[in-house]
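Let's have the full structure, built from the sequences with the hints guiding it.
Residue numbers (this note's numbering), protein chains in the order written: chain A, 1 to 135; chain B, 1001 to 1135; chain C, 2001 to 2135.
If you're looking for bench data, these hints aren't it; they were derived computationally from the structure.
Glycine included, each C-beta is placed from N, C-alpha and C at the ideal position.
Wrong hints could be hidden among the right ones.
Okay, the calculated beta carbon distance ranges per label pair [what the hints assert, rightly or not]:
#	chain 1	residue 1	chain 2	residue 2	range
1	A	127	C	2027	38 to 46 Å
2	C	2020	B	1013	17 to 25 Å
3	B	1031	C	2006	26 to 34 Å
4	C	2027	A	62	38 to 46 Å
5	B	1056	C	2074	14 to 22 Å
6	B	1030	A	58	38 to 46 Å
7	B	1009	C	2027	19 to 27 Å
Just so you have them, the derived chain C footprint on chain A, three or more residues with Cβ under 8 Å [to be verified]:
#	stretch
8	33-45
9	76-89
Cβ-to-Cβ under 10 Å is the rule here; a few derived chain B residues that face chain A [stated by the list, open to error]:
#	residue
10	1086
11	1088
12	1091
13	1123
14	1124
15	1129
In case you want the letters, here they are:
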Amino acid sequence: MIDRLESLSIRTSAREEIVNITEQVQRVTGASGVRSGMVWVYSPHTTSGITIQENADPDVRVDLLGHLAELVPRKASFRHAEGNSDAHIKSALVGASQAVPIADARLLLGTWQAIFFCEFDGPRSRRVMVKVLGT
Amino acid sequence: MIDRLESLSIRTSAREEIVNITEQVQRVTGASGVRSGMVWVYSPHTTSGITIQENADPDVRVDLLGHLAELVPRKASFRHAEGNSDAHIKSALVGASQAVPIADARLLLGTWQAIFFCEFDGPRSRRVMVKVLGT
Amino acid sequence: MIDRLESLSIRTSAREEIVNITEQVQRVTGASGVRSGMVWVYSPHTTSGITIQENADPDVRVDLLGHLAELVPRKASFRHAEGNSDAHIKSALVGASQAVPIADARLLLGTWQAIFFCEFDGPRSRRVMVKVLGT
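Okay, here's the thing in structure tokens:
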């Protein structure tokens, strides 16, 4: 069994931003030598997340970020003194990681799917862990 | 290590619908020969999701779909021109996949748990990938 | 490949509560002998979830539980007769499991991350499954 762990570096440029990291994840997967298995994309941060979403129309990401901001506004009543409780809550809703099957050394994403890093409290320098297990 | 990938076909019959796919996932798991390991249930679509929920009372699913529609209504202000941004956002909230441990060749679901495909923009023909890794 | 499954017992003390289980998960991981691989933390219940969140300031968890209660209130209009539809819906939003990479026999959590069991319909006795795969 091949077991590979790589770290991606991401520089976000806004407080809230969705960054397509599919190519980097595919590159790590391909370089691992795994032809069949699974890959996990994991955010080690508590104010960001990983999602799998449509890549075709960028407005889908605009609507996603906009609606998340409506669902979780920056309320004055939040107790956490850093003022980024909204980002922590969005992180819990979107999730810290995504798992994708690998077949023929390729991510088995659907036609319209891509893997996105979700920044909820940027701009910041972020890391994303990519773990590949398979044969 | 056994590594098995199978695709399930699902035909949904409403715009929003929750379909129990536990038996199909158990069948793939059993046929794989894996007695101990993990299974991933993965939706390759961007307007659907996979959730693990109670199977006993169908009203739980009614309440889940109804409340998701309240949290993410079909707003006229969404920019994505296809008019299904609500479905994309619900997909991000529910998630594209679920992972379940396997023990004694069975899904290690809790007593009340089942695995559900969540249709948010049907009716459509959908696929679900089932990946089994173990021994 | 090492494949280990352990069950944790948790006693929650309120209807809604977030319990740090990082140490127990690290203990199972360490005892498994796995130095590199993945661990899954899985809740077999339908009114609880697993999240990865900040551990430093307890107010982050207060804000998370408080805002989830705003997003999913205990509505009289819910049809599920047990009166805990809010807990089922929160469970679907937070998710039944989390996956964390293992490196050097340690959970590869970020500096501020911890693994939390989310009780949404307690107080109850709960179980959490910990599955470790690796070498």
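Against the structure, the hints come out as follows:
Our hint of 38 to 46 Å for residue 127/A and residue 2027/C is violated, since their Cβ atoms are close to 26 Å apart. The given range of 17 to 25 Å is broken by residue 2020/C and residue 1013/B, whose C-beta atoms sit roughly 43 Å from each other. At about 27 Å, the beta-carbon gap between residue 1031/B and residue 2006/C stays in the expected band of 26 to 34 Å. In this structure the supplied range 38 to 46 Å holds for residue 2027/C paired with residue 62/A, their Cβ-Cβ distance being about 44 Å.
As the Cβ distance of residue 1056/B to residue 2074/C is approximately 20 Å, the hint placing it in 14 to 22 Å holds. Distance hint for residue 1030/B and residue 58/A: a CB-CB separation of about 43 Å, consistent with the stated range 38 to 46 Å. Checked against the hint of 19 to 27 Å, the pair residue 1009/B and residue 2027/C fails, with Cβ atoms roughly 42 Å apart. Counting residues of the stretch 33-45 of chain A whose CB lies closer than 8 Å to any CB of chain C gives 5, so the stated coverage by that chain holds, three being the minimum.
Three residues within the 8 Å Cβ limit are the bar, and the stretch 76-89 of chain A against chain C gives 8, so the coverage statement holds. The closest approach between the C-beta of residue 1086/B and any C-beta of chain A is roughly 8 Å, which is under the 10 Å cut-off, so the hint is satisfied. Hint status for residue 1088/B relative to chain A: holds, with the closest Cβ pair at about 5 Å, below 10 Å. At about 7 Å, the closest approach between the beta carbon of residue 1091/B and any beta carbon in chain A falls short of 10 Å, and the interface hint on this residue holds.
With its C-beta approaching chain A no nearer than about 18 Å, residue 1123/B sits outside the 10 Å limit, and its interface hint is violated. Interface restraint check: residue 1124/B against chain A, minimum CB-CB distance 12 Å, threshold 10 Å, status violated. Proximity of residue 1129/B to chain A holds as hinted, the smallest CB-CB distance being about 6 Å (cut-off 10 Å).
The structure shown violates the earlier hints numbered 1, 2, 7, 13 and 14.
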